[in-house]
Amino acid sequence: MTAMSSSSESAHIFQSRDGDRQFIIHPENDEIIVSTGKQIIQGCQLSISVAVWLDELKSMVAHLQKWCSERSARVSGCYLEGRGSKILLLFIPTGTRFNFDLADELAVLNRELVAGFNIGMVEVGQIPAGDVDRFLDLEKARLVYGNSSEASGSVAAQS
Amino acid sequence: MGIPQRHLDQWLHNRKFVSLIPATHPDWIVTVSFYVALHAVDALLQSDGVRRVNSHDSRNEVLMNTRRYTRIWDAYQPLHDLSRRIRYLADPLQWITFEDIPKQVFRRYLYPIEESVYRLMAVPHTHVDIPLQKPGE
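Residue numbers (my numbering), protein chains in the order written: chain G, 1 to 159; chain D, 1 to 137.
In case anyone wonders, no lab produced these hints; they're calculated from the structure.
Note that the structure is predicted; figures quoted are calculated from it, not measured.
All C-beta atoms in this analysis are idealised placements derived from N, C-alpha and C, irrespective of residue type, glycine included.
Mixed in with the good hints there might be a few duds.
Unchecked claim - Some, not all, of what chain G presents toward chain D, calculated at C-beta under 10 Å: (1) G43; (2) A51; (3) G116; (4) N118; (5) I119.
Unchecked claim - Capping the alpha-carbon separation at 25 Å, the derived lysine to any residue pairs in SDA-like fashion look like this: (6) G:K86 / D:R67; (7) G:K86 / D:D57; (8) G:K66 / D:N65; (9) D:K103 / G:K66; (10) D:K134 / D:H25.
Stated by the list, open to error - Beyond 12 Å from chain G on every Cβ pair, some chain D residues (computed): (11) K16; (12) H25; (13) Y35; (14) S58; (15) A90; (16) P92; (17) R108; (18) V123; (19) L132; (20) K134.
Could you put the whole structure together from the sequences, leaning on the hints where they help?
If you want it as structure tokens, here you go:
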């Protein structure tokens, strides 16, 4: 197959017309990618969806960091981990006991996050600082607020 | 849709069990209290004709995203979270105490959930406060 166009002119792929047509793509390495027009369109749609989702996730993390900062007397840390199709957010209270006032706020926050950010299901919870590794995979989880020594129990162990 | 008798029965069944749990085990009082709330909620959802609630995630999704259930969600979510974490703690008595149960777990979470369920199902409130065993009994 010859190149569709070697100029700066745009090349169009119409799913209705080109869906079953084979396109041969030549990246800068020596690979050759053979793909149908339909596969190219689906790949582009997926990468747009992923980009949109990541933007939403970044916005949510920024919102969470602000939310935690405003409650620094109650919250010492917040971890985020992807769990299957949902986002798990676990908060570390500043004390060593379950904080009932924080729990009430987290229930409202959970509703707000799901309604306000287009990222799917979010699960929110509260855990003791010393048990972070019992509830999270620390290789996958990200600390979005606080510092890891406080949030993982060093402070509790010292007190 | 009628009143779902099986969930009502299990709601009462679990409620009776809560009062049998020794004061030394507040972690299990919390856990069973959550299942009291769960059957109350499932009774309401069935009464409302809500289908496809077959997991914690699907139940949570319905409660969280339905305005009718907002008050229930705000009490159910903390109770669910507390119950699902406390069972796995090596030292649960460091996380909550027996003294937290009547005021925080029951009055703050369980009873408001039950009251909302009664109100939304339009049936008279018949439950009394759960009697707890005294420490040392």
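Structure-based check of each hint:
Nearest Cβ of chain D to the Cβ of G43 of chain G: about 30 Å, over the 10 Å cut. The hint is violated. Taking 10 Å as the C-beta contact cut-off toward chain D, the hint placing A51 of chain G at the interface is violated, the least distance being around 25 Å. Annotation: G116 of chain G was flagged as interfacial toward chain D, and the flag is violated, the nearest CB pair being 12 Å apart, outside 10 Å. Because the smallest distance between the Cβ of N118 of chain G and any Cβ of chain D comes to about 13 Å, over 10 Å, the interface hint for this residue is violated.
Hint status for I119 of chain G: violated, given a least beta-carbon distance of 14 Å to chain D, over 10 Å. Distance check on the hinted pair: K86 of chain G and R67 of chain D sit about 22 Å apart at the alpha-carbon level, within 25 Å; holds. Between the alpha carbons of K86 of chain G and D57 of chain D the distance comes to roughly 10 Å, so the proposed pair stays at or under 25 Å and holds. Between K66 of chain G and N65 of chain D the CA atoms are separated by roughly 24 Å; this keeps the pair inside 25 Å, and the hint holds.
Taking the CA atoms of K103 of chain D and K66 of chain G, the gap is about 31 Å. The hint is violated against a cut of 25 Å. As the CA atoms of K134 of chain D and H25 of chain D are separated by approximately 12 Å, the hinted pair is consistent with the 25 Å bound. With a cut of 12 Å on Cβ distances, K16 of chain D stays outside the contact zone with chain G, its closest approach being about 26 Å. Once the 12 Å rule is applied to beta carbons, H25 of chain D is consistent with being away from chain G; the minimum gap is 16 Å.
No Cβ of chain G approaches the Cβ of Y35 of chain D within 12 Å, the least distance being about 18 Å, so the stated non-interface status holds. For S58 of chain D, the non-interface assignment is contradicted: its Cβ lies about 10 Å from the closest Cβ of chain G, within the 12 Å cut-off. Not every Cβ of chain G is farther than 12 Å from the Cβ of A90 of chain D; the closest lies at roughly 8 Å, contradicting the non-interface assignment. A beta-carbon of chain G is positioned within 12 Å of the beta-carbon of P92 of chain D; the least distance is around 10 Å.
Annotated as non-interface, R108 of chain D brings its C-beta within 12 Å of a C-beta of chain G; the closest such distance is 6 Å. The claim that V123 of chain D lies off the interface holds: its Cβ sits roughly 25 Å from the closest Cβ of chain G, which is beyond the 12 Å cut-off. No beta-carbon of chain G is positioned within 12 Å of the beta-carbon of L132 of chain D; the least distance is around 18 Å. Here K134 of chain D stays apart from chain G, with its beta-carbon at least about 22 Å from theirs, past the 12 Å limit.
Violated hints for the displayed structure, listed by number in ascending order: 1, 2, 3, 4, 5, 9, 14, 15, 16 and 17.
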